[in-house]
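Chain by chain, the residues:
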Amino acid sequence: MNRFLTLRDLSTMKIERLVARARHIEHWSMAHSLIGKVVTLLFLEPSHRTLASFQAGIAQLGGASIVLSSGQGKWGIETRDGPSKDGDPEEHIRDTIPVLEEYGDALGVRCGSRGSSLADDLAEPWLGVIDSLARKPLINLGSAMDHPCQALADWKTLDDEEIPRDGKFVLSWAWHPRPQPLALPATAAAMAARRGMKVTVLRPEGFGFPAELRSRIIAEAKRGGGTFEETDDRVGALAGARVVYAESWGAPATIHSPARDSNLRAPQRAWRIEPSWLESTEDAIVMHCLPARREIQIAETVLDGPRSRATRQAVNRLHVQKAVLLAMLGSDMV
Amino acid sequence: MNRFLTLRDLSTMKIERLVARARHIEHWSMAHSLIGKVVTLLFLEPSHRTLASFQAGIAQLGGASIVLSSGQGKWGIETRDGPSKDGDPEEHIRDTIPVLEEYGDALGVRCGSRGSSLADDLAEPWLGVIDSLARKPLINLGSAMDHPCQALADWKTLDDEEIPRDGKFVLSWAWHPRPQPLALPATAAAMAARRGMKVTVLRPEGFGFPAELRSRIIAEAKRGGGTFEETDDRVGALAGARVVYAESWGAPATIHSPARDSNLRAPQRAWRIEPSWLESTEDAIVMHCLPARREIQIAETVLDGPRSRATRQAVNRLHVQKAVLLAMLGSDMV
Amino acid sequence: MNRFLTLRDLSTMKIERLVARARHIEHWSMAHSLIGKVVTLLFLEPSHRTLASFQAGIAQLGGASIVLSSGQGKWGIETRDGPSKDGDPEEHIRDTIPVLEEYGDALGVRCGSRGSSLADDLAEPWLGVIDSLARKPLINLGSAMDHPCQALADWKTLDDEEIPRDGKFVLSWAWHPRPQPLALPATAAAMAARRGMKVTVLRPEGFGFPAELRSRIIAEAKRGGGTFEETDDRVGALAGARVVYAESWGAPATIHSPARDSNLRAPQRAWRIEPSWLESTEDAIVMHCLPARREIQIAETVLDGPRSRATRQAVNRLHVQKAVLLAMLGSDMV
Chain F
15 MNRFLTLRDL STMKIERLVA RARHIEHWSM AHSLIGKVVT LLFLEPSHRT LASFQAGIAQ
75 LGGASIVLSS GQGKWGIETR DGPSKDGDPE EHIRDTIPVL EEYGDALGVR CGSRGSSLAD
135 DLAEPWLGVI DSLARKPLIN LGSAMDHPCQ ALADWKTLDD EEIPRDGKFV LSWAWHPRPQ
195 PLALPATAAA MAARRGMKVT VLRPEGFGFP AELRSRIIAE AKRGGGTFEE TDDRVGALAG
255 ARVVYAESWG APATIHSPAR DSNLRAPQRA WRIEPSWLES TEDAIVMHCL PARREIQIAE
315 TVLDGPRSRA TRQAVNRLHV QKAVLLAMLG SDMV
Chain H
15 MNRFLTLRDL STMKIERLVA RARHIEHWSM AHSLIGKVVT LLFLEPSHRT LASFQAGIAQ
75 LGGASIVLSS GQGKWGIETR DGPSKDGDPE EHIRDTIPVL EEYGDALGVR CGSRGSSLAD
135 DLAEPWLGVI DSLARKPLIN LGSAMDHPCQ ALADWKTLDD EEIPRDGKFV LSWAWHPRPQ
195 PLALPATAAA MAARRGMKVT VLRPEGFGFP AELRSRIIAE AKRGGGTFEE TDDRVGALAG
255 ARVVYAESWG APATIHSPAR DSNLRAPQRA WRIEPSWLES TEDAIVMHCL PARREIQIAE
315 TVLDGPRSRA TRQAVNRLHV QKAVLLAMLG SDMV
Chain L
15 MNRFLTLRDL STMKIERLVA RARHIEHWSM AHSLIGKVVT LLFLEPSHRT LASFQAGIAQ
75 LGGASIVLSS GQGKWGIETR DGPSKDGDPE EHIRDTIPVL EEYGDALGVR CGSRGSSLAD
135 DLAEPWLGVI DSLARKPLIN LGSAMDHPCQ ALADWKTLDD EEIPRDGKFV LSWAWHPRPQ
195 PLALPATAAA MAARRGMKVT VLRPEGFGFP AELRSRIIAE AKRGGGTFEE TDDRVGALAG
255 ARVVYAESWG APATIHSPAR DSNLRAPQRA WRIEPSWLES TEDAIVMHCL PARREIQIAE
315 TVLDGPRSRA TRQAVNRLHV QKAVLLAMLG SDMV
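Chains as they are written, first to last, in this note's numbering: chain F, 15 to 348; chain H, 15 to 348; chain L, 15 to 348.
You may find that some hints are simply not true.
[Claimed, not checked] Per the computed footprint, the stretches of chain F lying under chain L, defined by three or more beta-carbons under 8 Å from a beta-carbon of chain L, are:
(1) 74-84
(2) 276-283
[Claimed, not checked] In silico EDC-like links for lysine to aspartate or glutamate, alpha-carbon gap of 20 Å or less:
(3) K150/F to D119/F
(4) K150/F to E40/L
(5) K212/L to D134/L
(6) K212/H to D174/H
(7) K212/H to E30/H
(8) K212/L to D246/L
(9) K150/H to E40/F
(10) K150/L to E40/H
(11) K212/H to D247/H
Derived from the structure by calculation, the hints contain no laboratory data.
Treat the numbers as computed from the prediction; the structure is a model and nothing was measured.
Note that beta-carbon positions come from the ideal geometry of N, C-alpha and C, so glycine has one too.
Chain F on its own, in the form it takes in the complex (with noise of 0.2 Å):
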């Protein structure tokens, strides 16, 4: 394997063996497997449990990471197509790359969104990018539309607890000071579409996902045998729901104009996962991918109660990561 871009680029059957990879790296230690190998991880908007989490299994495996942060002290990566501007980023990311993976044996990179437009995030063309100038395995650990490590550990996640293939997956919207990226919830959702389950997007008028964002989700549905709806049904949603994942996402039409998007998002400031949600459900586990609004997204009595699962996904993300860099550096044939 030499790309872990998306899910979309994987067969069923492969994300089941990385799966299932992970399940045995969960219990058996390996920690010989990686030994000279030295993993790149650049980190072009910071996350700290993607940092985190890859360091440690990488470390566990016996290899080494180095890290690169932009942002920190005066340095910058540019990524805009054409001419370096005189502004501040004395480096472009077509010379970036080329360098750091022959530093290495693999690259993990961290885009995030470039904050411009939807059709940007939708196309992603700073991930292309990096794409076209890498030779050796790449990680996507998180960009504009796509987190497939957090993809991978969720689909372990509901592996761990035994949800059917064909459950009902509820993504509830919830509230959140700030307009926040649609990566993780289309990487939720097309998860659980891809996994073969009943997907329902709850979330208020005016937040529904972009046309295009729709069209791939139903096709990871017809590739899954799932299903995917939108409603603003909270009633209809919840009934059988055998997950209620929580997330927040900024209205597509406003998502890069936060003052706009605070308009839209005002009236819906009580819309928060409450205790009283999985009432209806069937036994609903409860998601959340992590950091949490505690109280203001999810009620801390859900968030911290049984039916929660947000430490075992984070968890989850260590072992599907170490699969996923076995798949690439080590000797296994996934």
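Place chains H and L on chain F using the hints.
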């Protein structure tokens, strides 16, 4: 050993065993003791000597460390109780700790002071929350009122120098442009009292330790056979001293009000450790836990002179911390 | 070898042995050479290519690195002589170095320029202080006037390309929105002169090297059998060149006065390396030590074209630095 939060929690025998272990480690390589172990270091405030000594020590024992620093980039951790505010921190410590501790084998946290009130600093609710959340070994890398790694390093330094257990230990206040936390002076005084020393805190009027802190140190003196007193009489304090330990701290009444504190400290600007101070001592060594404000807290001829043990104290950080790590993660029966 | 501060301190035979060692290392894994060794990397200014190449190289040799970066969070290091000011830095380099060097086996320091005066840059008192304080192996990771790691990587690149020892080496100034330090152009010119090359510095009037720097390079040319000249005649300079090395630097007279410098540079905005420049050369390779301002310093068709060796230079950083580390810490008899 599962906790290293303050020397007050340890028996004197345990402290002595850790120091003895550190003296052994100083002279013998133990490069395989922590192979396969991962120690997570979480810095809620920066501390580069702590960072460097832990990273080096862990590597020298064959283990790996991962480092997370709050305050770099846009990331932050909320530590206040109650619901997350709408402010900057995206993450709550209640979600951070359970995940981080699953990624590694032990956790070190530098939490410092919240800077809100002296009562808060004395109660250390922040450290208490982390303690309640972590099941794996936990090391205090410096909190509002304690710094057990520094205490153990200082204890070893006193032993290295063969300073008598009942010798006179003078902790002298020194001027500093800003009000400094009480953690380090409190730690040094309690350590020396516990070791059985005659502790004298030499400080201007208004800079006496708060009552609760004084009680704690007196309790330590009782356990260790030492004594504790405070004075502003420099001549009396220094006579016969075996140790002069330089520290700066804010006046307890104004420590979290820099403007008020500034007025209180202004008349004391000349209060710094001078060569002449050592004349009436009994060949006292001079201690300073670094970083030092040269010529402001202490004359350079003293800090760089033959009586200074400041570098030695910092180097002992490395050795005692390795002893603590081995007691927690190795096969040591300390 | 206990010091790697400038190529000027090394015999030509030693330089050649290091390059030969680097060529060997490039093709053979030496994963056990530095097991148990800790290298401390102190960045008083950020440099991410240096950070990445050292971290990767140390890991590939089996050692561990610890990284301290000034300027992150509230931490800083005072390097001026005399008493600490009341300003931000809590720590003086005189206290930092003796401790850091005890924690590890070797020390690398990126000290850059103080930015105060050209005389200061030329004298490098900062590097001198660190040199006087460290007893263990010390590597200059980039100072005000020197960058020996880049010099050695460039030397290896010239050897890799079989550029004749007496070939023509043109170091061309290029426009940049800000006045850049003299360290890299000075290093490249001195390296080429020492290698025996015919060095021509092509730059606008007002951007000639300061007299003391010129003397240094001429001395290197004498040792190596090369020559040194400066000119603003592009046609004459490029004719017959084997190497065109692109660099930007501030006018020595105004380098620490950005406003004055800006006026001086403004008329030269069009001075960038163009494809047409290569026509009269003898199949010259194009060098650039990165980061590059694309289309501003150099045309993208040149930087990304077949003559460019910019990535190769950066990759050679890895190999030569491993040779230096082995010469200092390994069993190499270089």
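Structure-based check of all given hints:
Residue count for the region 74-84 of chain F with a Cβ under 8 Å from a Cβ of chain L: 3. That meets the three needed, and the coverage hint holds. Here the region 276-283 of chain F counts 0 residues with a CB under 8 Å from a CB of chain L, which misses the bar of 3, and the coverage is violated. Our distance criterion of 20 Å between C-alpha atoms is met by K150/F and D119/F, whose separation comes to about 7 Å. Among the hinted pairs, K150/F with E40/L is consistent with the structure: their alpha-carbon atoms are about 17 Å apart, no more than 20 Å.
Of the pairs offered as hints, the one joining K212/L and D134/L is violated, with about 29 Å between alpha carbons and a cut-off of 20 Å exceeded. Proximity of K212/H to D174/H is assessed by CA-CA distance (about 19 Å); at most 20 Å being required, the pair is judged to hold. Pair hint K212/H plus E30/H holds up; C-alpha atoms about 19 Å apart against a cutoff of 20 Å. Taking the CA atoms of K212/L and D246/L, the gap is about 16 Å. The hint holds against a cut of 20 Å.
A threshold of 20 Å between alpha carbons decides the hint, and for K150/H with E40/F the separation of about 18 Å falls inside it, so the pair holds. For the hint pairing K150/L with E40/H, the CA-to-CA distance comes to about 17 Å; that is within 20 Å, so the pair holds. Note on K212/H and D247/H: the hinted pairing holds, with a Cα-Cα distance of about 16 Å set against a maximum of 20 Å.
This entry does not satisfy hints 2 and 5, going by the numbered hints stated previously.
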